[in-house]
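Participant: Chain by chain, the residues:
Protein chains: 2
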Amino acid sequence: MDLTVAGAAALDRADELAPFRQRFAIPDARLIYLDGNSLGRLPLDTRARLHALLDEEWADQLIRGWGNGWFEAAERIGAKLAQVVGALPHEVLLADSTSVNLFKLCVAALRAQPGRHVIVTDALNFPSDLYVLQGVLQLLGHPPDALRIVPAADGLSVAPAALAAAIDEHTALVMLSHTAFKSGFVHPLAEITALAHARGALTLWDLSHTVGAVPVELHAAHADLAVGCSYKYLNGGPGAPAFLYVHEDLQARLQNPIQGWIGQLDPFAFEPDYVPQTDLRKFLTGTPPVLSLMAIEPALDLLLEAGLARVRAKSMRQTEYLVALWEQQLQPLGYRLQSPRNPQQRGSHISLGHEHALGIDRALIEELNVLPDFRAPDNLRLGIAPLYNTFSELHAAVQHMRTVVLEQRYLKYQQQRPLVT
Amino acid sequence: MDLTVAGAAALDRADELAPFRQRFAIPDARLIYLDGNSLGRLPLDTRARLHALLDEEWADQLIRGWGNGWFEAAERIGAKLAQVVGALPHEVLLADSTSVNLFKLCVAALRAQPGRHVIVTDALNFPSDLYVLQGVLQLLGHPPDALRIVPAADGLSVAPAALAAAIDEHTALVMLSHTAFKSGFVHPLAEITALAHARGALTLWDLSHTVGAVPVELHAAHADLAVGCSYKYLNGGPGAPAFLYVHEDLQARLQNPIQGWIGQLDPFAFEPDYVPQTDLRKFLTGTPPVLSLMAIEPALDLLLEAGLARVRAKSMRQTEYLVALWEQQLQPLGYRLQSPRNPQQRGSHISLGHEHALGIDRALIEELNVLPDFRAPDNLRLGIAPLYNTFSELHAAVQHMRTVVLEQRYLKYQQQRPLVT
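Just so you know, the sequences run in chain order A and B.
Numbered according to the working numbering, the first sequence spans residues 621 to 1041.
Numbered according to the working numbering, the second sequence spans residues 621 to 1041.
By construction, these hints were calculated from the structure, which means they are not laboratory data.
Heads up, the beta-carbon is just placed ideally off N, CA and C, and yes, glycines get one too.
If a hint is listed, it holds; no wrong ones were tucked in.
Pair ranges (Cβ atoms, derived):
#: 1; chain 1: B; residue 1: E925; chain 2: A; residue 2: E986; range: 36 to 46 angstroms
#: 2; chain 1: A; residue 1: Q1035; chain 2: B; residue 2: Q703; range: 33 to 43 angstroms
#: 3; chain 1: A; residue 1: K1032; chain 2: B; residue 2: A889; range: 17 to 27 angstroms
#: 4; chain 1: A; residue 1: A779; chain 2: B; residue 2: L708; range: 46 to 56 angstroms
#: 5; chain 1: B; residue 1: I769; chain 2: A; residue 2: P747; range: 37 to 47 angstroms
#: 6; chain 1: B; residue 1: Q703; chain 2: A; residue 2: Q951; range: 54 to 64 angstroms
#: 7; chain 1: B; residue 1: L924; chain 2: A; residue 2: L623; range: 53 to 63 angstroms
#: 8; chain 1: B; residue 1: A668; chain 2: A; residue 2: L623; range: 41 to 51 angstroms
#: 9; chain 1: B; residue 1: E925; chain 2: A; residue 2: D665; range: 28 to 38 angstroms
#: 10; chain 1: A; residue 1: P747; chain 2: B; residue 2: R731; range: 17 to 27 angstroms
With the C-beta cut set under 8 angstroms, the calculated list includes, among others, these residues of chain B facing chain A:
#: 11; residue: L662
#: 12; residue: T718
#: 13; residue: S719
#: 14; residue: Q754
#: 15; residue: G859
#: 16; residue: I878
#: 17; residue: T907
#: 18; residue: A915
Extracted from the complex, chain A is given alone in its bound form (with noise of 0.2 angstroms):
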């Protein structure tokens, strides 16, 4: 591999993907943002429709928008990230956020199994998975114990096998962060669904950090349930909303717990009694929020556009890179891969660890127009969106990182807070 900055360039000028750059707004074309695996940059299609939205639509229409499109948003975009995660178009929604949705299908999920209360999870998932769950148990009155909380042993990964040993006919749910946070690596999703399966557990996944990077094929794989945030990878916008998925033969044997207005049989009859819709629109409780729901559609049209298989194939491609380039230039600084090795086991971002990576990361982000992110205690994260993010780009960064650590940059910076992101 061409590590030079021409080689860099080389790798750009093939890039198929190249173009969709341009489709983004970039007012500072010489930061180099590799932040999209948190807060994925804004398209321009998205800033026109929401423009209209404000003219055309909310002063124009008012009330009436709801009758022209808002009020079946929730399911025309679920129906399109469907695509992305390989559902069909009834079993995606969009609606509240990760968090809440997560704690709807928990909850849905343990009283549909009376009989079974564990919930099997790795210390991999992330932590607010891990609270949603603490509470949900607390909620039904299990015990603490009842959450199982799988070692990773070597701090990056998780074994089926693993898993598999905590399984068992206690288990009500595996529930796993498909890709983790904090490494990128993927748990193989079809393979972890079957072997909770065959012990007769359920699987819910966090898809945050996967969709719109990682192919998966939740409805052919028989995965049952599903969440995810859409302002990563799918370029949805501050705190858009998140999505949920319910596999199609499981969605009459749930209830949603939060029984709300949307999710009623006939809203607008507005009987007393709830009587929940038949299918997945049951899990919908309150009224959306409509510019940060709209916000969705374009990012996800654009990404449709470009074809996940083609976005999977650029991140591998850009990891790839990437660990080359640590390991000639990174490595001898000090820099330590904490990602998984292979590419087919990791998501877009790559972890780099440091015992100066606070420091490092705030001096890349105030005197080198770099922004990754920084994760306690001792990990930056670089994240890779093929969308936007350039060979060129990665080759400049990992110079920077180079200079941060040469020339110690980052003293000046360790007492600091990380920056929230």
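Position chain B against the provided structure of chain A, taking the given hints into account.
Facilitator: What follows is chain B alone, placed relative to chain A:
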């Protein structure tokens, strides 16, 4: 009262809030919009704020936006909203939807009072609030009759004595819509709160049809809990995030059942065990929808600039004016007043019943540029938003309501479905 068109114009000239109409985007000045109680109009400042949010924050600050205001927005805007509901700044937060907030607070209130499980409400409550309550009781293992629904004897209002008769030593919670969605009846909040407390019960108020139109003093009345939406008289935008209020004396005692990232004491420590915030922020769960959340602030600033006392005074003048017009010009044509006659006992909308209400509603919309809303089976709801509705609009709307009946224009629309509002 001068009920001529000249009289309406004179009232508008004397109206000190009249200039505020120019602060809203009104692309079609001919439209008489009487549905601001469902979706408020777009303030011009909100439009400008959202353009900047897209271009200067999402596009340019990217993830740094969280450190530059997004993360604290729920509290900052909540503190402003506190002024509108008579709460202390740290007693109000923006989050989620009204139904999700109602779920959180209702579960919290029931869990905090293990010896009590009955919820007292009334038949004027919004149906989806009943759905949430039904779901909570079922989830916590209580029988359906733990929900006591006090009937509305006259269909319009419920007297404190009727509620008092339903509240006893088993009552955990008195949960009411402060301003009824249909009749506009307003409960005496302080009186009912005192009455619930005298029997050891907590109160939970849905302020959706109150906030921004009817002053309340939550803290002074020692109201325990409240929720509400921000897209009606607050003009926060379609589906804008809701708010929740917890009296400061209760905050330490209550627990959020939907434990999430933002409610954690130190979200960025990424600790595996949930430790809640010590203040109201414990009731936050997931990442907020920033575009929709930020849209609330300029609208709230506009309301605070106008002053809620002046808004309420104009609202009462306008509902009085509309009732006077009804009495002289609509009552003879079969329109019935379905709101309380006393302006102190009603919010900012007037409900009129008519045997042809559905057809009238549609004819007004399709042929006469009047946009009210319809609530089954026979109710026309005329919402008055004092910040932009004029007396002349009310006068013209009444003339159109006469025309529709006199010319039987409703006949053409009798078989249609109501507009989704």
